[in-house]
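Chains A and B supply the protein sequences, listed in that same order.
Going by the working numbering, the letters in the first sequence line up with residues 1 to 182, in that order.
Going by the working numbering, the letters in the second sequence line up with residues 1 to 81, in that order.
Errors might be hidden in some of the hints.
[Claimed, not checked] Dumping the calculated DSBU-like pairs for lysine-lysine here, alpha-carbon to alpha-carbon at most 30 Å: (1) LYS119/A x LYS178/A; (2) LYS60/B x LYS33/B; (3) LYS60/B x LYS119/A; (4) LYS60/B x LYS178/A.
Quick caveat, the hints were computed from the structure, so don't treat them as lab data.
The structure displayed is predicted, hence computed values, not measured ones.
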Amino acid sequence: MMDPSVDFQRRLAEHRPWLLRQARWRLGVQASAAEDVVQETLVAAWVGVESLRGDVTRGWLAGILRHKVVDHWRRVPASDVDPCPTCGEDPFDETDHWREPVADWGDPEEALHTEGFWKVLELCARILPERMYRVFVLREVEEMDVVSICRELSLSESNCHVLLHRARLRLRGCVGEKWGRS
Amino acid sequence: MRGREMGSFVKQPFGIVHCRQASELLSRAREEKLSPGERVALTLHLAMCVHCRRYGRQIKLLGRAFRAAIEGSNPEGTSGL
Numbered sequence: 001m002m003d004p005s006v007d008f009q010r011r012l013a014e015h016r017p018w019l020l021r022q023a024r025w026r027l028g029v030q031a032s033a034a035e036d037v038v039q040e041t042l043v044a045a046w047v048g049v050e051s052l053r054g055d056v057t058r059g060w061l062a063g064i065l066r067h068k069v070v071d072h073w074r075r076v077p078a079s080d081v082d083p084c085p086t087c088g089e090d091p092f093d094e095t096d097h098w099r100e101p102v103a104d105w106g107d108p109e110e111a112l113h114t115e116g117f118w119k120v121l122e123l124c125a126r127i128l129p130e131r132m133y134r135v136f137v138l139r140e141v142e143e144m145d146v147v148s149i150c151r152e153l154s155l156s157e158s159n160c161h162v163l164l165h166r167a168r169l170r171l172r173g174c175v176g177e178k179w180g181r182s
Numbered sequence: 001m002r003g004r005e006m007g008s009f010v011k012q013p014f015g016i017v018h019c020r021q022a023s024e025l026l027s028r029a030r031e032e033k034l035s036p037g038e039r040v041a042l043t044l045h046l047a048m049c050v051h052c053r054r055y056g057r058q059i060k061l062l063g064r065a066f067r068a069a070i071e072g073s074n075p076e077g078t079s080g081l
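If we strip away everything but chain A, and leave its shape as in the complex, we get (with noise of 0.2 Å):
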């Protein structure tokens, strides 16, 4: 029988900033609540060490870190404020043709092996409303099915297309204007 103790304690401890750094990507633009969403997820780890063998591992942690993301969404309803109303203009013109040009962003593989690039992706997660992002993540990180999200979230099944194809466009747009290159 493990002893949950003062070690086990510190060892739930050891990965909080790591913790924090997950749940903060999660929330996006409420990244504010990271804090108490990791406070419940270690809650819930210490709560939880019985059905765990062996050590503390980030994958478990993770685990019950999501759930309590997802937790925390059913609680608070997605805010409607545009973090960056000008992110939202629209990037074609009366021809349907692109604006800007869409400049190149070189090798893929280069630009997720250089930190620039993720500072740039922390910058513009930010500046998408919440919805917006909910959706995003549950989509492209869950890898969520789009009406289960729709259920999820409240949504019709079009708003959830719109607001994937308008997530992809302003993080894209915004990406691109501080990373790309013509």
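Got chain A; can you put chain B on it based on the hints?
Here is chain B on its own, set in the frame of chain A:
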């Protein structure tokens, strides 16, 4: 046809899409299978348009990057948020 839900697709004559509609199709193709007509229209557009080809690659990369960031596997993650 599913395309009508996105608004502008059906405003174009069949088979001809511009960047606005192509970007909608590229996005929706990440969620579900496009209709044969939509696929033809998109393929034709992409053959001619480097901007939309880049757009398609970039939204794919963004999906990958967020997955890596959130799953904590990004190499630079320690300096993240």
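Against the structure, the hints come out as follows:
Between the alpha carbons of LYS119/A and LYS178/A the distance comes to roughly 10 Å, so the proposed pair stays at or under 30 Å and holds. Using a Cα cut-off of 30 Å, the hinted pair LYS60/B and LYS33/B holds, with the two alpha carbons roughly 16 Å apart. The suggested pairing of LYS60/B with LYS119/A holds, with an alpha-carbon distance near 18 Å, which does not exceed 30 Å. A threshold of 30 Å between alpha carbons decides the hint, and for LYS60/B with LYS178/A the separation of about 18 Å falls inside it, so the pair holds.
Violation of the numbered hints given earlier is absent; every hint is satisfied by the structure.
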